[in-house]
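Protein chains: 2
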Amino acid sequence: MNGPHLSKGARQPPPPRGGKLRLYSNRFCPYAQRVHLVLDAKKIPYDVVNINLSSKPDWIYDKSPYGKIPALELDTGDVLYESLIIADYLDERYHQHLLHAKDPLQKAKDKLLIEQFNRIINTMYRVMMNIGRISLDDDETISNGLNTFERELAERGGPFFAGNKPGMLDYMIWPWCERADILKLFGNQHLLKRDKYKKLMEWRNRMSDDPTVKRSLLDSDFHVKYLQSHRAGMPDYDLILNSK
Amino acid sequence: MNGPHLSKGARQPPPPRGGKLRLYSNRFCPYAQRVHLVLDAKKIPYDVVNINLSSKPDWIYDKSPYGKIPALELDTGDVLYESLIIADYLDERYHQHLLHAKDPLQKAKDKLLIEQFNRIINTMYRVMMNIGRISLDDDETISNGLNTFERELAERGGPFFAGNKPGMLDYMIWPWCERADILKLFGNQHLLKRDKYKKLMEWRNRMSDDPTVKRSLLDSDFHVKYLQSHRAGMPDYDLILNSK
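Line by line, the protein sequences are chains B and R. Its first residue numbered 1, the first sequence is counted upward by one per residue in my numbering. Its first residue numbered 1, the second sequence is counted upward by one per residue in my numbering.
No lab work stands behind these hints: they were computed from the structure. Note that this is a predicted model, so its numbers are computed, not measured. Treat the hints with care, since some could be wrong.
Pairs of lysine to any residue residues, derived as SDA-like cross-links and limited to a Cα-Cα distance of at most 25 Å, are as follows [to be verified]:
1. B:56 / R:16
2. B:102 / R:91
3. B:196 / R:141
4. B:109 / R:16
5. R:109 / B:75
All chains, full assembly: derive it from the sequences and hints.
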């Protein structure tokens, strides 16, 4: 998953061997990470083709409408996109290590929480990419969001949202939780105070020890470097490769 | 479903009898109509409480975060919101007349089309509510969207997207197709030309004869009157009641 990001003009790689799935991805895209997490949790073999999002190869548009990634290419030639739709598909198609709750009501509640988490995602994205400082409104949106998840974790009893091991909700919100420390760079030290979100912080520690999470986990250092390159207008998607 | 829309100050209705589901709805909300269609297609008994969206009763916020409708109250006291999440829940929980394809790949493809349809929805909404004239860009978005669905219907062979009877994709896009003729009011006569979207037009005729669709179907006249009241800043949610 740390391979080079293919740019405009790059040759299209040959189909994956042995009918493996192929994920068109990007090492720093949190939505793509969602799909890596599901594939890794379910131990589904797959091939990764990283795409340079600032200069996409033409052939990605033949694979995925609007050239969107993540996009999952199946051995039938079909290509799925939209992280949550891919995640649901994989969980329905591959029965090992079911990630969604079997109970339709619990599953629906988890999907509502994933939906609610979008408010945190949108605010984090805006702060990190454009503004660079957290306004009072943004602070409130993120705090309210985190309070909901802190309360939820307390009610469910943990250690994970799904119980004894991470499930769909845990993995779908993880990529932004992995990046949460970056917010401290933007002038808000109290937001992620350990005592305010005690359960979430414990959850985050446990998640970062999960073997599935470890496969794609990056240090905050890498996320910060990537963010800086992005804000400077030259996203360095290959910075892991280049730092070796 | 044509009952009065409850406003701020209205007393909260007692729980539905016999453990029935209750749908907090609005007669002119296309997202709420999605849930009516699923409940009606699956013949699930339910109770309707219509909400005045311009002046919501306080208690709706206790039922649904952000006071969102549609919201489905279960006999457990749990309340689900978000039309697509409710629709999926109902299809998983009630096995009669399954609306989603059983094949995970076909189901995922249908969900992608529902997602793609959002581009049409957003453009229609903007044109109808704010602008009142279709720009070239809007025209292109809607035409491209409709072309996709026209092609898809041709490939699938019909008569419905789901085959011999309407399925989830058919019902999830229907509310906006029911309202499509209104676009002609906004200066674009060629957009919905019958010869350009022949299969879609045939599909629309068949859909409007479907017993499930008929239960919530409204004439274009009603939709136009409602839209006029909305654009005038005084949405007349009770106009069906008032016209009797």
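Right, here's what the structure says about each hint:
1. As the CA atoms of residue 56 (chain B) and residue 16 (chain R) are separated by approximately 55 Å, the hinted pair breaks the 25 Å bound.
2. For the suggested pair residue 102 (chain B) and residue 91 (chain R), the alpha carbons sit about 14 Å apart, so the restraint of at most 25 Å is met.
3. A distance of roughly 46 Å separates the Cα atoms of residue 196 (chain B) and residue 141 (chain R); the hinted pair therefore is violated under the 25 Å criterion.
4. For the suggested pair residue 109 (chain B) and residue 16 (chain R), the alpha carbons sit about 22 Å apart, so the restraint of at most 25 Å is met.
5. Distance restraint check for residue 109 (chain R) and residue 75 (chain B): the Cα-Cα separation of roughly 15 Å lies within the 25 Å cut-off, and the hinted pair is therefore satisfied.
Hint violations for this structure: numbers 1, 3, all remaining hints satisfied.
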